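J.: In case you want the letters, here they are:
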Amino acid sequence: MMSITLMLNGEETVQSVEPRAILADLLREGCGLTGTHLGCEHGACGACTVALDGMAVRACVVLAVMCDGRTVETIEGTRGDPVMDVIRRHFHEHHALQCGFCTPGMLMMARDIIARHPCPDEALIRAQLSGQVCRCTGYMGIVAAIRAAAAELHPEAAARPTLTRNA
Amino acid sequence: MKPAPFAYARPADLAAATTLLAQGDGAAMAISGGQSLLVLMSLRLTAIETLVDLSRLPDLKRVEETATEVFLGAATTHAMVEDGRVPDPSRGLMAQVAAKIAYRAVRNLGTLGGSVALADPSADWPACLMALNAQAVIVGPDGARREAVEAFVRGPYETSLAAGEVIAGFAIPRLGPGARWGVAKVARKSGAFADSLAIVVEPGEGAPARVALAGTSSHAQLLPHVAAYLGGAPEIDPAALRAAVRADLTQVDPDADPYRLRCHGATVLKAVMEARAS
Numbered sequence: 196m197m198s199i200t201l202m203l204n205g206e207e208t209v210q211s212v213e214p215r216a217i218l219a220d221l222l223r224e225g226c227g228l229t230g231t232h233l234g235c236e237h238g239a240c241g242a243c244t245v246a247l248d249g250m251a252v253r254a255c256v257v258l259a260v261m262c263d264g265r266t267v268e269t270i271e272g273t274r275g276d277p278v279m280d281v282i283r284r285h286f287h288e289h290h291a292l293q294c295g296f297c298t299p300g301m302l303m304m305a306r307d308i309i310a311r312h313p314c315p316d317e318a319l320i321r322a323q324l325s326g327q328v329c330r331c332t333g334y335m336g337i338v339a340a341i342r343a344a345a346a347e348l349h350p351e352a353a354a355r356p357t358l359t360r361n362a
Numbered sequence: 372m373k374p375a376p377f378a379y380a381r382p383a384d385l386a387a388a389t390t391l392l393a394q395g396d397g398a399a400m401a402i403s404g405g406q407s408l409l410v411l412m413s414l415r416l417t418a419i420e421t422l423v424d425l426s427r428l429p430d431l432k433r434v435e436e437t438a439t440e441v442f443l444g445a446a447t448t449h450a451m452v453e454d455g456r457v458p459d460p461s462r463g464l465m466a467q468v469a470a471k472i473a474y475r476a477v478r479n480l481g482t483l484g485g486s487v488a489l490a491d492p493s494a495d496w497p498a499c500l501m502a503l504n505a506q507a508v509i510v511g512p513d514g515a516r517r518e519a520v521e522a523f524v525r526g527p528y529e530t531s532l533a534a535g536e537v538i539a540g541f542a543i544p545r546l547g548p549g550a551r552w553g554v555a556k557v558a559r560k561s562g563a564f565a566d567s568l569a570i571v572v573e574p575g576e577g578a579p580a581r582v583a584l585a586g587t588s589s590h591a592q593l594l595p596h597v598a599a600y601l602g603g604a605p606e607i608d609p610a611a612l613r614a615a616v617r618a619d620l621t622q623v624d625p626d627a628d629p630y631r632l633r634c635h636g637a638t639v640l641k642a643v644m645e646a647r648a649s
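Respectively, the protein sequence lines represent chains A and B. Here this note's numbering is used: the first residue of the first sequence is 196, the next is one more, and so on. Here this note's numbering is used: the first residue of the second sequence is 372, the next is one more, and so on.
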C-alpha cells in the first residue's frame, strides 16, 4: 500500500492505495464519492469523467498513485459552482437524462466543452460528446441542454455570427 | 476489470528511470499518460511486474525550437498539440491530427512518446511523425541515440527500444511555406481507432513527398510508390494513384480484406486531394 495526498473537492485528503487501484475505485470505495459512475472500466464510455488539475480525464484509466499531490474534482465538488448550476438546470429543462447513469460524466464534460468553446454549435457538441455514451436519451436533450447553457453563460459569444469551425 | 497487482516506482530523474527499466529486464514497463497501457492492463492483455512512472520527469517535457526543427518532449500531450500550447513545425497538420485522437478526456493525458512507444497499428502519431520525417530521440543507460520514426517502429506493438531505453522526444523538421499536407481517417465512430489513416506531406522545395498509412494489420508505414507517383504528377490521375496505392499495399498490408483495401484507397486519395487543394 502507498500513501498519497489529494486535494479532493477543495479539501486535502490522505489515502492509502494499492498501486493497481484506479482513481475511480479510490473515489467511490475509499472516499465514498459514488457520484462518479463506473461503466465500462476501460476508457470507452465516459461515465467516470472527473477533473484532474482542471482537465477532464477518465477516472478508470488513471492510477490513483499517479494523482499524488494533484487536484481532483468530482461531480460532488461542483455543488455551488455557478457554471455547473446553469448547466444542471438546462439538463433538467431539456430532459437531458432518463436513468441518470451517464449524467455525472456528461455534466463534467459539458462544463469542459463550454469552457473551451463558448458558443458551440450542434455538430461541435456532438463531436466533443462522442466519448460519452448515453443509452437512454438518444443525445437530443443533452445536446440541446449544452447549447442552451452555453448561450446563457456566454451571451456575447452567442450574439456573434457563427464561424465554421473544426470539431 | 482491474489491473493485476504490480510494483510502482516514481523515479526522480531520467537516469534513475532508465536504470529501473533496465533492471526490470522486460517485466518493467514505463508509463506516462497511461491512456492505452492502463486499458491493456485492466483487460489483462499485458503482464507487468513493475510500472515506472515517467509522467513527472522534467526531461521529457522539454520543448526546443531552432530555425530548422522543433523538438517536442515525449510527455507532450495530444491536447497540448491540439490547443497550440507547443510550437508547431507542421503548419497545422499536427494540431489537426491531435484533435481527432480518441476523446478530449484521453487527449488531456495521452502523450506523443507513449503513442509511438506502444506502436499500436492504428495509432495516429507514428504515421504523422514519419510523414513529417521526424526523428525519435532515445535515451538509455548507454547514452542518447536518434532514429527515424519509420525505422523505430518495427511491427505491431514493436519498436527498437531496448530494455532501459526511453523516448525523450521527437525532432521534427519545420515545413516551409510551400509545403502542402492532407490527412484522412476512416473510423467507425469519431474517436474510435482508425480502420485506415493516411497522411500526405509534400514539403516542397524539391524535397520528396512522404505518405504514411496506419490502420493496417501491422504498423504504420511509408508508402514509397505513392510518394514517387506524387513526385512526378503535377495533376492527379485517380486511376494511376490507385495503382500506386495497390503496389504499396502488397507490401504494407498484404492480408487486408476487401473492406480494408477500399478504406486505404479512399484515405490515401482523400489525403492527396486535400494536400493538392491546399
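A couple of the hints might just be wrong.
Stated by the list, open to error - Have a look at the derived ranges for each label pair, beta carbon to beta carbon: (1) B:G463 - A:A353: 49 to 55 Å; (2) B:G575 - A:P350: 40 to 46 Å; (3) A:G225 - B:A375: 15 to 21 Å; (4) A:V209 - B:D454: 48 to 54 Å; (5) B:S588 - A:E206: 31 to 37 Å; (6) B:T417 - A:R355: 45 to 51 Å; (7) B:A375 - A:R355: 49 to 55 Å; (8) B:S531 - A:H287: 23 to 29 Å; (9) A:M196 - B:G397: 23 to 29 Å; (10) B:E606 - A:G333: 53 to 59 Å; (11) B:A393 - A:A353: 52 to 58 Å; (12) B:M372 - A:C331: 20 to 26 Å; (13) A:T208 - B:A558: 38 to 44 Å.
Derived from the structure by calculation, the hints contain no laboratory data. No experiment lies behind these values; they were computed from the predicted model shown. Just so it is clear, CB atoms sit at the ideal spot from N, CA and C, and this is done for glycine as well.
J.: So which of those numbered hints doesn't the model satisfy?
T.: Those not satisfied are hints 1, 4, 5, 8 and 10.
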